[in-house]
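S.K.: Quick note, the sequences are listed as chains A and B, same order. FYI, the working numbering numbers position 291 of the first sequence as 787, with every residue one higher than the one before it. FYI, the working numbering numbers position 306 of the second sequence as 802, with every residue one higher than the one before it.
It cannot be assumed that every hint is accurate.
The list makes no distinction among identical chains, and a pair is therefore deemed to hold if it is satisfied within one copy or across any two copies.
Calculated pairs, DSS-like style, for lysine-lysine (alpha carbon to alpha carbon, straight line, at most 25 Å) [to be verified]:
| no. | residue 1 | residue 2 |
| --- | --- | --- |
| 1 | LYS934 | LYS734 |
| 2 | LYS838 | LYS812 |
| 3 | LYS812 | LYS529 |
| 4 | LYS742 | LYS566 |
| 5 | LYS742 | LYS597 |
| 6 | LYS805 | LYS877 |
| 7 | LYS576 | LYS805 |
| 8 | LYS576 | LYS566 |
| 9 | LYS566 | LYS734 |
| 10 | LYS877 | LYS529 |
| 11 | LYS623 | LYS708 |
| 12 | LYS597 | LYS623 |
| 13 | LYS708 | LYS684 |
| 14 | LYS566 | LYS597 |
| 15 | LYS576 | LYS734 |
| 16 | LYS877 | LYS812 |
| 17 | LYS529 | LYS742 |
| 18 | LYS838 | LYS529 |
| 19 | LYS934 | LYS877 |
It is worth saying that the hints were derived from the structure and are not from the lab.
Here are the chains, one letter per residue:
2 protein chains.
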Amino acid sequence: MKAIAYSALLLSTSLFAAEQKISQMYDASFLQKVATLRDHALNDPLAYDITESLTTEVGPRLGGSENDAKAVAWGEAKFKALGFDRVTLEPATFQRWVRGKERAEILAPFPQPLAITALGKSIPTPKEGITGEVVHFANLADLEAADPNVVKGKITFISNRMSRQKDGSGYGQAVGARGTAAQVTAAKGGIGTVIRSIGTDNDRLPHTGAMKHDHNVATVPAAALSNPDADLLMNMLKRDQPVTLKYTLGSYFGDDYTSHNVIGDIVGTERPDEYIVIGCHLDSWDLGTGAIDDASGCGITMATAKLIKQHIGPLKRTIRVILWANEEYGLAGAKAYHEAHKHELKQHILGGESDFGAGAIYALGTRVDEHAMPLVDEMMKLLNPLGITYANNQSSSAPDLIPLRAAGMAVFSLKQDGTDYFDYHHTANDTLDKIDPKNLAQNVAAWVVVTALAANTAQDFGFGLTDKK
Amino acid sequence: MKAIAYSALLLSTSLFAAEQKISQMYDASFLQKVATLRDHALNDPLAYDITESLTTEVGPRLGGSENDAKAVAWGEAKFKALGFDRVTLEPATFQRWVRGKERAEILAPFPQPLAITALGKSIPTPKEGITGEVVHFANLADLEAADPNVVKGKITFISNRMSRQKDGSGYGQAVGARGTAAQVTAAKGGIGTVIRSIGTDNDRLPHTGAMKHDHNVATVPAAALSNPDADLLMNMLKRDQPVTLKYTLGSYFGDDYTSHNVIGDIVGTERPDEYIVIGCHLDSWDLGTGAIDDASGCGITMATAKLIKQHIGPLKRTIRVILWANEEYGLAGAKAYHEAHKHELKQHILGGESDFGAGAIYALGTRVDEHAMPLVDEMMKLLNPLGITYANNQSSSAPDLIPLRAAGMAVFSLKQDGTDYFDYHHTANDTLDKIDPKNLAQNVAAWVVVTALAANTAQDFGFGLTDKK
Chain A
497 MKAIAYSALL LSTSLFAAEQ KISQMYDASF LQKVATLRDH ALNDPLAYDI TESLTTEVGP
557 RLGGSENDAK AVAWGEAKFK ALGFDRVTLE PATFQRWVRG KERAEILAPF PQPLAITALG
617 KSIPTPKEGI TGEVVHFANL ADLEAADPNV VKGKITFISN RMSRQKDGSG YGQAVGARGT
677 AAQVTAAKGG IGTVIRSIGT DNDRLPHTGA MKHDHNVATV PAAALSNPDA DLLMNMLKRD
737 QPVTLKYTLG SYFGDDYTSH NVIGDIVGTE RPDEYIVIGC HLDSWDLGTG AIDDASGCGI
797 TMATAKLIKQ HIGPLKRTIR VILWANEEYG LAGAKAYHEA HKHELKQHIL GGESDFGAGA
857 IYALGTRVDE HAMPLVDEMM KLLNPLGITY ANNQSSSAPD LIPLRAAGMA VFSLKQDGTD
917 YFDYHHTAND TLDKIDPKNL AQNVAAWVVV TALAANTAQD FGFGLTDKK
Chain B
497 MKAIAYSALL LSTSLFAAEQ KISQMYDASF LQKVATLRDH ALNDPLAYDI TESLTTEVGP
557 RLGGSENDAK AVAWGEAKFK ALGFDRVTLE PATFQRWVRG KERAEILAPF PQPLAITALG
617 KSIPTPKEGI TGEVVHFANL ADLEAADPNV VKGKITFISN RMSRQKDGSG YGQAVGARGT
677 AAQVTAAKGG IGTVIRSIGT DNDRLPHTGA MKHDHNVATV PAAALSNPDA DLLMNMLKRD
737 QPVTLKYTLG SYFGDDYTSH NVIGDIVGTE RPDEYIVIGC HLDSWDLGTG AIDDASGCGI
797 TMATAKLIKQ HIGPLKRTIR VILWANEEYG LAGAKAYHEA HKHELKQHIL GGESDFGAGA
857 IYALGTRVDE HAMPLVDEMM KLLNPLGITY ANNQSSSAPD LIPLRAAGMA VFSLKQDGTD
917 YFDYHHTAND TLDKIDPKNL AQNVAAWVVV TALAANTAQD FGFGLTDKK
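In isolation and in its complexed conformation, chain A is listed as follows:
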């Protein structure tokens, strides 16, 4: 079937031939069932209920924290309650990072408290804190270019502000400061670094997030100020007087911890050892309840598989929902899964992760072999009524699929409207109220289409793919 489809595509690009192709791919009654379930999903509360359950009954669940194990237990119980055919826990071990207490204040010229939070993987300050003069840089490049004499003995402050974009692309432009400001500061003799939060809001709630850390590379205690606090600091700096900042971070690396990927399978009827991998990450940062990052992704993908089984029944391939362990500061679950399944990577037919909040989906992106594009076209026919267009075949999917994608697995992205996502991302404000149940349900409708069509065919999407084709 695979070979036939492939050569047919090569032989003809006429619309008629393509239509013929499609009719051979799926049974009309199956497509009708998918369309019916898609429409049903638009009003189904299951994804919201799952999201509410995880945020209410577990809440914050930083990798390695007490709630990490509670989240794993929650995931296992929830899969079973939803009637998944097989629930598996797979270990993922990593060095724990703990936040501890944190506080900051301007000591001079105008004493004021500041809202601050440690960047993930920051080293602690001494117990009495760090006190130093602030030296300002507009962005990471300016810090990188700075004369070490300007930085030496000082606390660096990078003030670049993330821009608001539907696709979240402002994040990539700004987040470099979070990643490497500490190492660059240390290399130049600075004693600490604070950055403007990587976020689009104006709330007094700083955004955490992982920074680069290597126990063998010099670093400094690193933290983020909320956007209003960064503004305040800028206004003080404008007055051309030295500004003295004091901050204390209690964060530290602890011992090794073993968490688990929680895997729920709806086992395939004809090709049970071929997996359509969907999912979310189960961990969250500790400041909020991890609603949009990433309980909503768990709600969307767990509901997708459950609804397919309930309303259509098991399909040819196995639908595998993975709740990934400790995405936030190490992709620990992603790495462990790749290692544990390295002898069967080719059985991972197509993968997607929902990890960008709960906004409505507006586009499908893929990274599949060209021979599978008729399958994508078929998906698009069922996605179009949801207001979803096709993006391109350059999708990178989401973080937890990086190891599988690097190994060559085909991936897809159902692109969500992320206009507001970075208002709340990695803050205490990441709570259930930020989720619109209608948008969440629209996500499920779209995931049902892609997942069901990928699972109910014998055709592959290619393997051994690379990002630049």
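Using the hints, position chain B against chain A.
M.R.: Same frame as chain A, but now just chain B:
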């Protein structure tokens, strides 16, 4: 002049007569100067600069705190720098209230930290905190009606949510819970009370604010949860299992403290002992930098007087700008001023306070004697081009004018669009970024009109007025 104006109004209501009246009130060149200054003010940055200065150089300034004295010093220096003719500090003494540390967590069934803040004037919990089962009430009335057996030994929780309204009227409907939940709970044998924040936002930043306190009336430690935390607690309560809350408040009453009303006068040329009283309150809650509550009011009214002096010159009456002390938990400055000036109350011709943020002004309200309505009409002619309409003659002005208003002083309100005001009010989010400089400048334009016209006439607005006419 007074008598003539009054009888003329009685004798004729024709438009022509009214116009004649107006032409007798003010010199055309004066009205032209006011109009010119009004238009200039729309682009003048002074109010914003003052607001930025107070929030940056002082920041949080709770009555009785270390920053209270800094704010007073700031006010005195700022009035002098702006060229006010006379700057006076008048003492206002009150018992200090101090926040201390505060934290909350759900212990069962689903342990989670909660964002909490003590209500102003709450008593402390024991050092180890209060732990108890939560008993929920939809609103204060339900708590008041509750059987004491339901409340005894428990922590009460009132979940009413404030509604969003342009005029802020949702506040009055919801804020009763903040005022008396603690006393009602104590009277029924409860051990503590937490309320949903009186605010319209969904941010994880609880709203503080004063509650009723009488050292002779039983009370309990009282605090507010942020709206997302109140939602979370509601979701736990829905599960029909006992919910155990623990919270710790370090708040306490301290010794007596003497702060000051800071008074800046632009002295009148013909009637220097007659005052047009405008101003703001200088104190703020401690969680934010007190930008919209009420640095913006200081910026608006200080700029108003300064610009009038600079662009028009001193007027017949004295323009008195009062930066009121400790409005937030006691109206201490308002009471002290009333007491100190009780022998000259009638010299307070008209009063207004800007204490509702920095939204654009949409209406003028007054509480003046009917004989002064032609003066109000004259103000309206100059306010109309700013998009401002006349509300009614039932204005209650703002909190710090309560004692003077109760004594019979005429008052006005320049009503601001408060749609977003209660998103930030009394939270850490009350910071400079919430202020739109254009809206702030529009406020100054309106205050210039009302202040200048009230100050440059010999006509009164009535005295001995009561609220129900």
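S.K.: Now tell me, hint by hint, if it's right for this structure.
M.R.: How the hints compare with the structure:
{"no.": "1", "hint": "LYS934 - LYS734", "result": "between (45 Å within a copy, 22 Å between copies)"}
{"no.": "2", "hint": "LYS838 - LYS812", "result": "within (23 Å within a copy, 89 Å between copies)"}
{"no.": "3", "hint": "LYS812 - LYS529", "result": "within (15 Å within a copy, 83 Å between copies)"}
{"no.": "4", "hint": "LYS742 - LYS566", "result": "between (36 Å within a copy, 21 Å between copies)"}
{"no.": "5", "hint": "LYS742 - LYS597", "result": "both (14 Å within a copy, 19 Å between copies)"}
{"no.": "6", "hint": "LYS805 - LYS877", "result": "within (22 Å within a copy, 71 Å between copies)"}
{"no.": "7", "hint": "LYS576 - LYS805", "result": "within (13 Å within a copy, 76 Å between copies)"}
{"no.": "8", "hint": "LYS576 - LYS566", "result": "within (15 Å within a copy, 61 Å between copies)"}
{"no.": "9", "hint": "LYS566 - LYS734", "result": "between (48 Å within a copy, 21 Å between copies)"}
{"no.": "10", "hint": "LYS877 - LYS529", "result": "within (14 Å within a copy, 68 Å between copies)"}
{"no.": "11", "hint": "LYS623 - LYS708", "result": "within (23 Å within a copy, 40 Å between copies)"}
{"no.": "12", "hint": "LYS597 - LYS623", "result": "both (10 Å within a copy, 19 Å between copies)"}
{"no.": "13", "hint": "LYS708 - LYS684", "result": "within (17 Å within a copy, 55 Å between copies)"}
{"no.": "14", "hint": "LYS566 - LYS597", "result": "within (23 Å within a copy, 29 Å between copies)"}
{"no.": "15", "hint": "LYS576 - LYS734", "result": "between (58 Å within a copy, 23 Å between copies)"}
{"no.": "16", "hint": "LYS877 - LYS812", "result": "within (21 Å within a copy, 77 Å between copies)"}
{"no.": "17", "hint": "LYS529 - LYS742", "result": "neither (62 Å within a copy, 50 Å between copies)"}
{"no.": "18", "hint": "LYS838 - LYS529", "result": "neither (35 Å within a copy, 82 Å between copies)"}
{"no.": "19", "hint": "LYS934 - LYS877", "result": "within (22 Å within a copy, 49 Å between copies)"}
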